[in-house]
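Please arrange chain F on chain X, whose structure you already have, making use of the hints.
Protein chains: 2
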Amino acid sequence: MRVRLDISYAGAAFHGWATQRGLRTVQGELETWLARLLRCDAVALTVAGRTDAGVHARGQVAHFDLPEEFSVSDFEELELVRRLDRVLPSDVVVRKISLAPPGFDARFSAIWRRYVYRLADGTFDPLAAGYVAKVISPVDVTLLNQVSGVLLGLHDFVAFCKYRSGATAIRTLQRVSAERVGEIIELTVQADAFAHSMVRSLTGALLQVAAGRRDESWLKALLDRSDRCGEIPVMPAKGLTLEAVGYPPDCELEQRATQARMLRELN
Amino acid sequence: MRVRLDISYAGAAFHGWATQRGLRTVQGELETWLARLLRCDAVALTVAGRTDAGVHARGQVAHFDLPEEFSVSDFEELELVRRLDRVLPSDVVVRKISLAPPGFDARFSAIWRRYVYRLADGTFDPLAAGYVAKVISPVDVTLLNQVSGVLLGLHDFVAFCKYRSGATAIRTLQRVSAERVGEIIELTVQADAFAHSMVRSLTGALLQVAAGRRDESWLKALLDRSDRCGEIPVMPAKGLTLEAVGYPPDCELEQRATQARMLRELN
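Line order of the protein sequences matches chains X and F. Taking this note's numbering, the leading residue of the first sequence gets 81, the next gets one more, and so forth. Taking this note's numbering, the leading residue of the second sequence gets 81, the next gets one more, and so forth.
Hint data in this document are derived by calculation from the structure and do not stem from the laboratory. Check the hints yourself; a few may be wrong.
Since the list gives no way to pick one copy over another, a pair counts as held whenever it fits inside one copy or between any two copies.
[Claimed, not checked] Heads up, simulated EDC-like pairs for lysine to aspartate or glutamate below, C-alpha to C-alpha not over 20 Å straight-line:
{"#": "1", "residue 1": "Lys214", "residue 2": "Asp171"}
{"#": "2", "residue 1": "Lys300", "residue 2": "Glu311"}
{"#": "3", "residue 1": "Lys300", "residue 2": "Glu156"}
{"#": "4", "residue 1": "Lys176", "residue 2": "Glu156"}
{"#": "5", "residue 1": "Lys176", "residue 2": "Asp236"}
{"#": "6", "residue 1": "Lys176", "residue 2": "Glu263"}
{"#": "7", "residue 1": "Lys242", "residue 2": "Glu157"}
{"#": "8", "residue 1": "Lys300", "residue 2": "Asp205"}
{"#": "9", "residue 1": "Lys318", "residue 2": "Asp171"}
{"#": "10", "residue 1": "Lys300", "residue 2": "Asp201"}
{"#": "11", "residue 1": "Lys176", "residue 2": "Asp201"}
{"#": "12", "residue 1": "Lys176", "residue 2": "Glu159"}
{"#": "13", "residue 1": "Lys176", "residue 2": "Asp205"}
{"#": "14", "residue 1": "Lys242", "residue 2": "Glu332"}
{"#": "15", "residue 1": "Lys214", "residue 2": "Glu266"}
{"#": "16", "residue 1": "Lys242", "residue 2": "Glu149"}
{"#": "17", "residue 1": "Lys214", "residue 2": "Asp165"}
{"#": "18", "residue 1": "Lys318", "residue 2": "Asp205"}
{"#": "19", "residue 1": "Lys176", "residue 2": "Glu311"}
{"#": "20", "residue 1": "Lys300", "residue 2": "Glu111"}
{"#": "21", "residue 1": "Lys242", "residue 2": "Asp295"}
{"#": "22", "residue 1": "Lys300", "residue 2": "Asp330"}
{"#": "23", "residue 1": "Lys242", "residue 2": "Glu323"}
Next comes chain X alone, as it looks inside the complex (with noise of 0.2 Å):
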């Protein structure tokens, strides 16, 4: 049996999700708990995104498998969403825990990932600090939704990722879209799966053009680059929130996974 969990998070006090030997992190928080919880050594969770230092989630998801006594009742009179809800600090809450239809994999059978970078260009809530970063040049919004086209659909984005090796940074870009919320701006980007850094560089790319320092013709030609370029700013981690993940119908859920593995493992 497997369990899904749906998972919010306030990146600032964690070392990224990964767990890393002697550091807080989001996967290390959780896996620990459930296993109190289960009363079992260990629980393993795979997770649809990996996010780094300083990010936050607000509709992150993950799966275990229960260990293979437990049965459906078992896990259902755990009241694991309750009893987490008691154990957990405040910056991380598991929303809901469900069973997983068959086929389900938080990682491979993902869709796509839906990520929001908030930034403001004048004052702003300092209560929304903490997940908003702030920009000194004013932001052309109009213009940046103009350019932002230039990004969608497939391409190699290794100009706008760390270094990995082995892996590849070949994404199709579903959404870039901008707007003013208030005294705050909301870059949402969605793609079947970022590489390393990519969000935060795509907004640092495109705020280099929204505040006139750099042109579309730039913009484009980042993609055809087959190396990182030193010329994008990585936007701050705080400024940046994983906000949902898709899945397809559940009944290609298996075949989804089944695709997604054998592109990372051709990567």
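Relative to chain X, chain F alone:
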């Protein structure tokens, strides 16, 4: 010439509004930067609501008097809002700076202060954890709104206040109402003025009733006490935000200030 400031801040990293030697306070931070930008020895701010350590503000109001050598155009050329935005840390924002109308006094002209206490009795967005207090017991918001009416009007709120020599806690409570906004409960409390720790104690007392631990008669009896009541939990500072301060029409500013000053002296 008197200058009015409209200020927002996140309280977590401040030891409250009022200057304290060796501690970081909102008043200290602002007075230091204003004196630097005005190139004068010292600026003395008068504030509408002296918030405690950890309490936030979205609609705080303060004033100071410009040194005599400044003209209106000198003041305008200073562009204080823009320059403060450049130098102030991200947890305090001066939203607006304007020349105050005759008779204006940020403290004594005010006719009401409105606070909102934010709490959650279930899971909630961890990005909001800095300004929302978590409570364990479910809150009956309907019941809370039913009983809160007994607190309205002119009362001695001494049961709800930390003792301060020579100060009274006679206040007119103008509004108490709670509502669920998504996952959060917002308790709005408005009065002509508040005594020390009064909003957090009012919230604590109302939650005792809303959680079924006390009844309306207990709440009502608190208003007849002549000393602080140890049965009232003082809620954590981080849930509290000063949202707005109200002033009368300009022609009544001076009269109101005179009245309020006299009342304070009688007290």
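Evaluation of the provided hints:
1. When the C-alpha separation of lysine 214 and aspartate 171 is checked against a cutoff of 20 Å, the pair qualifies only between copies, where the shortest distance is 12 Å, while the shortest distance within a copy is 22 Å.
2. Taking the shortest alpha-carbon separations for lysine 300 and glutamate 311, only the intra-copy value of 14 Å comes in at or below 20 Å, while the best inter-copy value is 66 Å.
3. Proximity of lysine 300 to glutamate 156 under the C-alpha cut-off of 20 Å is found in neither arrangement, the shortest distances being 52 Å within a copy and 43 Å between copies.
4. For the identical chains of this complex, lysine 176 and glutamate 156 are intra-copy neighbours only, at 12 Å inside a copy versus 54 Å across copies, given an alpha-carbon limit of 20 Å.
5. Taking the shortest alpha-carbon separations for lysine 176 and aspartate 236, neither the intra-copy value of 35 Å nor the inter-copy value of 46 Å comes in at or below 20 Å.
6. In this assembly of identical chains, lysine 176 and glutamate 263 lie within 20 Å of each other by CA distance solely across copies; the values are 14 Å between and 31 Å within a copy.
7. Within a single copy, lysine 242 and glutamate 157 get their C-alpha atoms no closer than 44 Å, and across copies no closer than 45 Å, so neither meets the 20 Å cut-off.
8. Within a single copy, lysine 300 and aspartate 205 get their C-alpha atoms no closer than 35 Å, and across copies no closer than 37 Å, so neither meets the 20 Å cut-off.
9. Proximity of lysine 318 to aspartate 171 under the C-alpha cut-off of 20 Å is found in both arrangements, the shortest distances being 14 Å within a copy and 14 Å between copies.
10. In this homomeric assembly, lysine 300 and aspartate 201 never come within 20 Å of each other (Cα to Cα): the closest approach is 25 Å inside a single copy and 49 Å across copies.
11. Taking CA atoms no more than 20 Å apart as the test, lysine 176 paired with aspartate 201 passes between copies only; the shortest distance there is 16 Å, against 35 Å inside one copy.
12. Taking the shortest alpha-carbon separations for lysine 176 and glutamate 159, only the intra-copy value of 10 Å comes in at or below 20 Å, while the best inter-copy value is 50 Å.
13. Proximity of lysine 176 to aspartate 205 under the C-alpha cut-off of 20 Å is restricted to the inter-copy arrangement: shortest distance 13 Å between copies versus 30 Å within a copy.
14. Taking identical chains as interchangeable, the C-alpha atoms of lysine 242 and glutamate 332 are never at most 20 Å apart, the minima being 32 Å within one chain and 62 Å between chains.
15. For a Cα distance limit of 20 Å, the shortest separation of lysine 214 from glutamate 266 inside one copy, 12 Å, qualifies, whereas the shortest one across copies, 28 Å, does not.
16. Taking the shortest Cα distances, lysine 242 and glutamate 149 never come within 20 Å of each other, neither inside one copy (42 Å) nor across copies (56 Å).
17. For the identical chains of this complex, lysine 214 and aspartate 165 are inter-copy neighbours only, at 11 Å across copies versus 32 Å inside a copy, given an alpha-carbon limit of 20 Å.
18. Taking the closest pair of Cα atoms, lysine 318 and aspartate 205 come within 20 Å of each other both inside a single copy (15 Å) and across two copies (15 Å).
19. Taking the closest pair of Cα atoms, lysine 176 and glutamate 311 never come within 20 Å of each other, the shortest separation being 41 Å inside a single copy and 36 Å across copies.
20. In this homomeric assembly, lysine 300 and glutamate 111 never come within 20 Å of each other (Cα to Cα): the closest approach is 42 Å inside a single copy and 48 Å across copies.
21. For the homomeric pair lysine 242 and aspartate 295, neither the shortest alpha-carbon distance inside one copy (23 Å) nor that between copies (60 Å) is at most 20 Å.
22. For the identical chains of this complex, lysine 300 and aspartate 330 are neighbours neither inside a copy (37 Å) nor across copies (56 Å), given an alpha-carbon limit of 20 Å.
23. Proximity of lysine 242 to glutamate 323 under the C-alpha cut-off of 20 Å is found in neither arrangement, the shortest distances being 22 Å within a copy and 43 Å between copies.
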